[in-house]
Amino acid sequence: MSVRPVLSVQDLRVSLSEARRELVHGIDFDVFTGETVGLVGESGSGKSLTLRSICGLLPDGIVRSGGVVAVDVDGSGQVRDGADLRGRGLAMVFQEPMSSLNPTMRIGDLVTIGPRTLRGLSRKEARSRSLELMREVGIPDAERRMRAWPHELSGGLRQRVMIAMALATDPKILLCDEPTTALDVSVQDQILRLLMQLKENRGLSMVLVTHDLAVVSQVCDRVIVMENGLIVESGLTNEILNSPRHNYTRSLIEAAQ
Amino acid sequence: MTPVLAVENLTVRYPISGGVDLTAVDDVDLSIERGKILGLVGESGCGKSSLGRVIAGIQRPQHGRISIDGREMSDRRRGDDARLVQMVFQDPASALNPALTIGAMLRELLLVHSLVTDRKAADRRAAELLDSVGLSEELLERRPDALSGGQRQRIGIARALALEPRVLIADEAVAALDSVVKKSVIALLSDIRERMGLTIVFISHDLAVVRRLCDEVAVMYLGRIVERQPTDRLFEDPKHPYTAALLRAQPRIGERLDLVSTPALIGDPPSPIELRAGCSFASRCPSVVEICRTTAPEAASSTDGSLVRCHFPLSR
Amino acid sequence: MKSRSRWRVDPLLAIGLGIVAFVLLLGIIAPLITSHDPLVQNVRARLASPSGEHWLGTDLLGRDVFSRILHGARVDIPLVLVATLVPAVIGTLLGTVSGYYSRRVDAVIMRFADVVQAFPVYIFLVALVFLLGPGGRSFVVASACISWVGYARLVRAEVARLKNRDFIVAARAAGIGDRRVLGRHLLPNVMPQVYAYMASDAVLALVALASLSFLSLGVQPPEPEWGRMIADGVDRIRSEWWLSAVPGLAIVIVGIGFSLIAFGLERQASRR
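Chains as they are written, first to last, in my numbering: chain A, 1 to 257; chain B, 1 to 316; chain C, 1 to 272.
Hints in this document: simulated from the structure, not taken from any laboratory. Please note that the accuracy of each hint is not assured.
[Stated by the list, open to error] Which residues of chain B face chain C? A few of them, derived with a C-beta cut under 10 angstroms, are:
#1 58
#2 86
#3 105
#4 247
[Said to hold, decoys possible] What the simulated footprint calls covered on chain B by chain A, stretch by stretch (three residues with Cβ under 8 angstroms from a Cβ of chain A suffice, anywhere in the stretch; the number is not a length):
#5 70-84
#6 199-210
#7 262-271
All of these numbers come straight from a predicted model, not from anything done at the bench. Even glycine gets a Cβ: it sits at the ideal position worked out from N, Cα and C.
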């Protein structure tokens with residue numbers, strides 16, 4: 001692990017632009033190379049907004065109203081804003097595979113839509129790249145599945161496609177927004193394993209947003225607990241889960257037992 | 001003792017385009033004793049929701065019998081029969097009519113079934129019902145959009161209780177709630193069972209919650225019940241390979257994911273459209289043998305109501 | 001408390017209602033405002049310019065224009081309201097049945113709807129009125145035959161959508177009969193959209209009525225009707241331009257009123 005963080009968030013603030021109401025009140029955290037950091041909290045804690053503001057994907061009417069998101073993708077020490085690096089070092093995996101895949105595009109085309117748009121990949125290159133990626137994420141019968149439509153696939157397969165799409169841009173950091181919440185537990189197990197394996201093979205850093213502490217316990221090195229737009233506690237996963245210091249963390253752990 | 005709920009040979013099929021049918025529930029037998037909470041678990045497509053809806057009288061089965069207190073229910077339940085089984089739904093947002101106040105909704109139920117004599121009695125009873133689910137009577141004047149998810153879910157329970165049912169079907173009743181609220185609603189269900197001797201079928205995909213609340217658990221796979229045990233036995237000593245895999249796949253606090261080990265279950269469940277001969281789990285079972293593919297195993301039941309549907313049940 | 005916001009009326013809705021109500025009111029109290037009878041002809045005073053005696057002058061037959069404008073409100077607005085209400089009721093009923101019950105019933109009703117919609121609206125309208133004999137009543141009947149389709153499709157879609165929502169399923173599971181479920185549970189959730197549709201439909205009905213009357217197929221003379229009045233003044237538009245312009249303006253004002261009502265209702269419904 002290098003000393004310099006690959007992602008550094010300082011005093012991040014997110015607000016509703018119209019109502020000028022702050023939703024995330026100035027949070028700080030770092031992510032180092034090769035780490036998996038969990039961002040945990042209930043609905044309304046701001047964890048999802050935090051993740052989205054890192055890569056500049058906030059919904060309409062919500063903006064990053066303050067703070068710095070510094071990303072050092074290549075270890076050179078040169079940092080850029082996260083929003084600029086979306087698709088160029090930062091990639092995101094979403095929660096709802098059903099609505100996150102364009103239903104009018106075939107799987108094979110969807111996977112490499114990033115590089116085709118950003119780097120102008122030719123059709124042939126894109127096709128072989130799609131095939132490669134689909135195999136990497138464990139989609140069985142990939143050749144045939146390339147011509148499939150999203151609605152023909154199960155939830156687990158759709159999530160694999162989304163991960164393939166994220167990998168298509170050769171990211172260094174993977175931002176995952178509740179990637180397994182909508183999946184059956186056996187499929188969740190498969191997808192979490194896949195993410196961990198990919199992380200190891202490709203040397204990725206990961207930020208994983210979830211409300212499920214058990215998932216955090218399984219895959220995260222460090223965990224950050226959020227409540228009402230603030231970080232209430234953060235540290236090594238084992239330490240936090242074994243001896244939580246903040247009441248909110250304690251109540252989350254208790255409720256998950 | 002006559003079980004409060006008895007289901008026999010229940011089959012539910014949905015027609016899909018092209019003349020093919022999707023079998024959601026495949027010849028299921030089930031019975032529950034009074035005052036018990038039975039957890040019905042399984043992954044998407046296992047049929048637990050369809051089973052719950054048929055028991056609640058919301059959906060019609062292709063064939064099979066449902067009996068409450070020994071009395072067979074007809075497909076269309078009229079009058080008092082309609083009250084016997086009530087359902088609590090998953091989504092607090094869509095389970096309540098946005099156009100009615102809580103009081104209006106409860107009053108209507110009570111009056112339609114003549115459970116009270118007049119409007120004043122209805123109001124009193126409505127207040128009692130809210131109280132029994134831990135809510136104040138001032139919520140009677142409010143509409144659903146003014147309430148939190150937890151409050152709406154409690155009202156969903158109050159609505160079900162208003163008709164004084166014998167059986168309550170909770171279909172993923174806590175899935176959409178935050179963990180702290182989840183805990184309190186589970187405690188409420190447990191409390192209701194204690195106080196009113198109500199029988200509950202708790203449908204859920206969340207094994208941790210089921211473990212906390214239920215007396216017994218039945219596991220479904222592709223429309224069949226593959227195992228049923230008292231809760232502690234199921235979690236500590238599962239007999240069916242699918243149950244074992246499900247438990248292995250469950251993430252737990254304090255456990256790190258071990259990449260060296262294989263995933264609990266590989267691939268996706270086979271399509272419920274073309275049911276093959278043999279055991280429904282054969283295609284993914286880690287301990288599959290030839291006979292599993294050719295012959296469907298019968299359910300081996302014991303006197304205490306537990307059963308396993310496997311040629312080679314696991315043993316410790 | 002959040003429930004309060006439900007009762008706050010959208011400002012545009014209020015303005016729209018105000019306009020329509022005001023004009024209608026003017027029509028109702030018309031005899032109190034002007035002493036001139038809208039039907040009395042005075043050929044010697046024909047085409048008089050606006051004056052103290054005749055606030056908006058007189059028309060080709062010497063009738064007081066101001067009085068005719070006011071009395072026109074008593075003719076146009078109620079007719080428009082009825083011509084909107086009747087198809088709304090028919091269409092809502094048919095749409096409800098279509099969306100809630102069996103596929104076959106739905107198919108039959110929708111095929112009827114398709115047939116009606118196959119004809120261009122105005123041609124159909126003109127043809128029907130012609131067949132039934134010109135007049136306000138024919139207009140209402142013709143509107144009923146044609147406009148119900150929009151309501152039916154709207155209601156059908158909403159009912160079909162809400163039919164499987166948990167709260168409807170719960171009501172049926174609680175043993176509440178179909179008719180009560182439809183009336184007390186489903187329709188109250190559908191009506192807000194129907195009302196908004198009615199308001200926009202009213203604008204169309206107003207224009208249709210005025211157009212028909214312009215073509216002499218609507219309200220028959222000597223009844224004062226704004227569209228008819230426009231037609232009467234068309235030949236004189238270079239000199240006595242107010243003969244057509246004022247009734248035209250009246251139509252526009254009432255049309256705006258209904259449009260604001262429609263807009264306000266939609267905004268209110270979407271805010272819930």
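- Query: Checking against the hints above, which ones are violated?
  - Reply: 4, 5
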